[in-house]
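Peer 1: When you get a sec, could you build the whole thing from the sequences and use the hints?
Here the protein sequences line up with chains A and B, keeping their order. The numbers in the numbering used here rise by one with no breaks, and the one at position 689 of the first sequence is 689. The numbers in the numbering used here rise by one with no breaks, and the one at position 32 of the second sequence is 32.
These are computed hints drawn from the structure, not numbers from a lab. Given the structure is predicted, the values throughout are model-derived calculations rather than measurements. Any given hint might turn out to be false.
Some chain A residues judged to face chain B by a derived CB distance under 7 Å, without partners named [unchecked claim]:
{"#": "1", "residue": "Val-94"}
{"#": "2", "residue": "Ala-98"}
{"#": "3", "residue": "Thr-101"}
{"#": "4", "residue": "Asn-383"}
{"#": "5", "residue": "Lys-474"}
{"#": "6", "residue": "Leu-625"}
{"#": "7", "residue": "Gln-646"}
{"#": "8", "residue": "Asp-649"}
{"#": "9", "residue": "Arg-664"}
Ideal Cβ placement from N, Cα and C applies to all residues, glycine included.
One-letter residues, chain by chain:
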Amino acid sequence: MARRITVASTVTDARADSYLRTLKSLFPKTKLKSVAVAQAYTVDAKLSADELKRAAERLTNFVTEKFSTGAVIAPRGYTYAIEIGFHPGVTDNVGKTARQTIEDCIGREFKEGADVYTSVFIFLTGAVSRQEAQRMSRELYNPLIERARVYSAKEELAVTVPKVHLHERTAVDEVDLDVSDDELAKIGKRGIADKDGTRRGPLALSLGAMKTIQAYFAALGRNPTDVELESLAQTWSEHCKHTIFADPLDEVEEGIYRRYIKGATQKVRKEKGKNDFCVSVFTDNAGGIVFDDKYLVTHKVETHNSPSALDPFGGAITGIVGVNRDSMGFGLGSKPIANVYGFCVADPRDTTPLYRDAAKQQPLLPSRRILEGVVRGINAGGNQSGIPTPLGFLAVDPRYRGKPLVFAGTVGLIPRKVKGRKMYEKQAQAGDYIVMAGGRVGLDGIHGATFSSEALASGSPATAVQIGDPITQKKLSDALMREARDAGLYSSITDNGAGGLSCSVAEMAKECGGAIVELDTVPLKYPGLSPWQVWISESQERMTLAVPKKNWKTLEKLFDRHGVEATVIGTFTDKDRCVVRHKGKVVMDMAMDFLHDGRPVEPLKTKKPKYDLVEPSPKARNVPLGKALLALLARPNVGSISFISQQYDHEVQGTSVTKPLQGRGRVNSDAGVIQPLPNSPRGVVLSHGYCPWYSDIDTKAMAAAAIDTAVRNAIAAGASRDYLAILDNFCWSSSNTPERLYELKKSAEAVYELATTYGTPYISGKDSMFNDFRGYTAKGERIHVAAPPTLLISAIGVIPDASKAVTLDFKMAGDVVYLIGETDDELGASEYFAMLGDGLGTRAPLVHAKRNAKVYDALAGAIERGLVASALSVGRGGLGVALAKSAIAGQLGAKVDLRNIPGDITRLAPLDRRSRHLTGRADSILFSESQGRLLVSVRPDAVESFEVCLKDAAIRIGEVGGSNLGVELQSKEFKLSVKSLTAAYRKPFQNW
Amino acid sequence: MRKKTQPTHLYSRHVSSRSISNGVKKPHVIIFSGYGLNCEDETRAAFNFAGASADIVHINDIIARPAMLKEAQILAFPGGFSYGDDTGSGKAYANRLKEHLGKHIEKFLARDTLVIGICNGFQILTSAGILPGALIANDSNRFLCRWVDLKVEGKSPWLTGIDTLSLPIAHGEGKYHADAKTLAALNKSGAIALRYTEGAVAKHFALPANPNGALENIAGVTGYDGRVLGLMPHPERAVRFTQLPHWTYLKERYIRDGVPVPTEGPGIQVFRNAVRYFQ
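Peer 2: Structure below.
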């Protein structure tokens, strides 16, 4: 019989206080007086009363806590109790630690099936009705992964054991493909039908792909097994094979990936010649470039959007620990040294309800909870892994309401050689054991890969959600990165991400030419999984290794010392076949070339969409400039996200050089510098660029601006163009429509042009093409929310001396302020026009890459010579926001004159007679988002040298000093105190 | 901050070899590892730069061969997230430590040795009962990463010659708690080593001095006559000048004042003190 230990605080309890604060802010009229919390451990194992007591003692810190092995510790006079625990099978990290603690204490391991389950009791005191308590509970748990129950004070607090009970169903089904095209299409779209008629979940295979599979098995004279069909769905998925980037698009026969992305990298590398720093690009789990004589740095950025929509915490934590495994799976293992993040969400103040189903039984989580959840997920994943997070961003747009975009990236460091062996190359050998190390396999994330290739709708399986376990992964990482890698104990390694074993084993089998897997040797979290489920499950924290037989015993012992579970699950072969057996029976036997290259090529066509663009009216633009600047600073796309930066450890590993929050006023930076090695001054510069808003006017401009911004952000922090690489992450929506594909093609053209002009090679990339939500409004009307085409560019550069890095804050009164770059009348899709809400505008910023390249080089030279006191690239919100940010960061005012800055904005002043647009107005000067611009300050005795470096590319606009920002414009001028700017900047998330 | 010329790269080996050439023995440091501790590398780098010889050892390897503790002069419990802070920070690791190494740690402490517990290491030391008090959730109930200023009190060999210093913190459960009786005893015996104070960093960034609501602003305490130091802030993350949160500002200040830009950070002195204790 299961018994329950509860532990509660005997002193002030910040957790309870936090619940109280949250509930009071969500229910302002509530008569809730106080909240108390008890942590419950439900022990479903045979323990003696004495053992249970000893276990409870170890779960209690007697300085601040007490325990009970009987009744739940509850405050006197509470009105209602809410218990929140997990659903069966959901990763329970605390439960796992409690179990280990108890096993260690009683000196024996639990029997099969025994376990510890955690839940939390939240006691509400005050005049709260049951209905209100129930409404409160809904704010505190996520029904997809958690259960909640409300008890009145009179009710007994029941003991719940959320044990997984699966009907033992280990049979393998044959899937009849001798069916009509309609049925084939249905199998592809909705999945294999079980005996009871229900479908197993989307395979995301097109009719064309299904027909190819049909023909392949017809030629073999048999039907595929469910294991084979599920396996093909995984390896052929958009998520794994990037079909939209690979297939012909209009006249681009080789596909946009080969022509525009890989093509750009090839051209850049050729032009760099001897100075090419790329070592391993596009072929591995991350991209690798030279750091110094001894090391490479690697980088990879992933998205985890669909899971984050359902369970923001689980989705984001899985995203970050997943991309860390990508780093560990680069070459023979690249040690994670930095994490980066990006969240694209709807405004958390937006409370419009949306539903996945017409009956309105499945509400989408509110946007506030999505943001809270993803922030918490990266917090847990990054902090617990001991990886610093020096950089990240938040972008807000109502169209991220259906599916948020969650970007997570990992920079790694790997020796180039150990004992003469190249660490960035790997090759599984025929005869090597296939070893699965780390976590066990459950139903987690079944159909994750195919699910993210589909729009989010009501059939979305809850099993698509996983929760990461950073500590299991840290143990695995320590064993691999600290010991096994450098001891040369394995010949290849890759992570288990999308598609689980079916993808990792098949991928590694390519290196030697085949594999045989014994599925029943795979360790399971609980019994009852079908073979196909074991094969494609996306349970986390697992790496697959190729281990020479002679090394297995040594490696097994090593893993054991680190408390890491590792199992031989098969053998790599050179038989050109991927074979899977279950209990002695062959359940999959397919040719390697069909598995990997059998997917039919499906040419895509594009069509130019129509845009309906209008300029805002002159009346709408007639706002006082100072007031407009303050309002812009207080928008979530511009304002401080210090509440995120401060809760992500950016100091761990001792590598931090420039911080995510810079200057006295702590302004968020768009670049970060780290020094990876204690005994080398070399630094790594990281930056990002994203401009999804411009997609509403021109996706080519959007992509160009993203690249330019990333490059410029890196330059501002101290990088130089000749040692800078970039990564692409495309997040599109409705990618099956010719219009969206046209926009994709246009953006890809920019991707090629900009990278080749700047000489910045792509080293890694990823795409997520269906960020769509199809559901229902509160009125029951159908609604389609499509994320705006979004390209995130992440830049990584190496600099010889990290102590030359520059931050964005004005430093001293008397410093001279310069503006670099031209300001054109480019307010289309700007934050300013978005704020006015009277029309999107028509001119999105264009990038003049050739001109910029020269200027960036000049600035990089000046920074290298130590002539620059502060630098900030001008971005969202334009020059006005940039000036404000440097002033807030330095807590120092400035006086600037913008009447004669270069660009058409002043030439066209004050009204352009050739068009109906109002150009050259003061608001355009202040808020235009023209690219290629930087705001720089220089100490007086460096001014002369600086001007020699920059020639006429930088113009002097004013001087740092005082406590106000004073701006002189054509006919207007304004003055704002740094204090008021600071207050506005900190406003959007001040209570978070 | 020392103004004289420093080696450019802080961890450069010639400093430690210098101590060898002086004929001084390097103290041996064992840095505990495993189960989610994660600051081992930078802790080792700091000790080695200060002139020690530090090894990172998995707790299971120490359990398997506890005799190795006899060869060490210093034990370090570094920062991290042992067991993910599940069931309470430091608790599960402390259980494992007590269960399997309790007596060996007692023996180690009976010699004239030093122990440091940083952040999660401090939480482990208090949970294991080696240091008094407990670390509980920050008042904000949220993980916080920032720099703090500290005032040194008491007499710990770890803190010899230091009056104030600024270091980074990064924790979710860093609020020091002890009952009134324990606090009084700690105050009386001079076992409170570090208190949060409003110093250079807090003033520069206009941040509150006490980041987590710690009772009596306590950031670190000592035991065993000051030989065991537990502290929430991370000295190993503050050994270089360019780790300071405002170094780009200070650098501009130094350049204008015609003062050489320093290369070291304030945390290194803590590790030098430990090395000197054995020389």
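Peer 1: Taking the hints in turn, state whether each one holds.
Peer 2: Evaluated hints:
no. : hint    : verdict
1   : Val-94  : holds, 4 Å
2   : Ala-98  : holds, 5 Å
3   : Thr-101 : holds, 5 Å
4   : Asn-383 : holds, 6 Å
5   : Lys-474 : holds, 5 Å
6   : Leu-625 : violated, 28 Å
7   : Gln-646 : holds, 6 Å
8   : Asp-649 : holds, 4 Å
9   : Arg-664 : holds, 6 Å
When the structure is compared with the earlier hints, a violation turns up for hint 6 alone.
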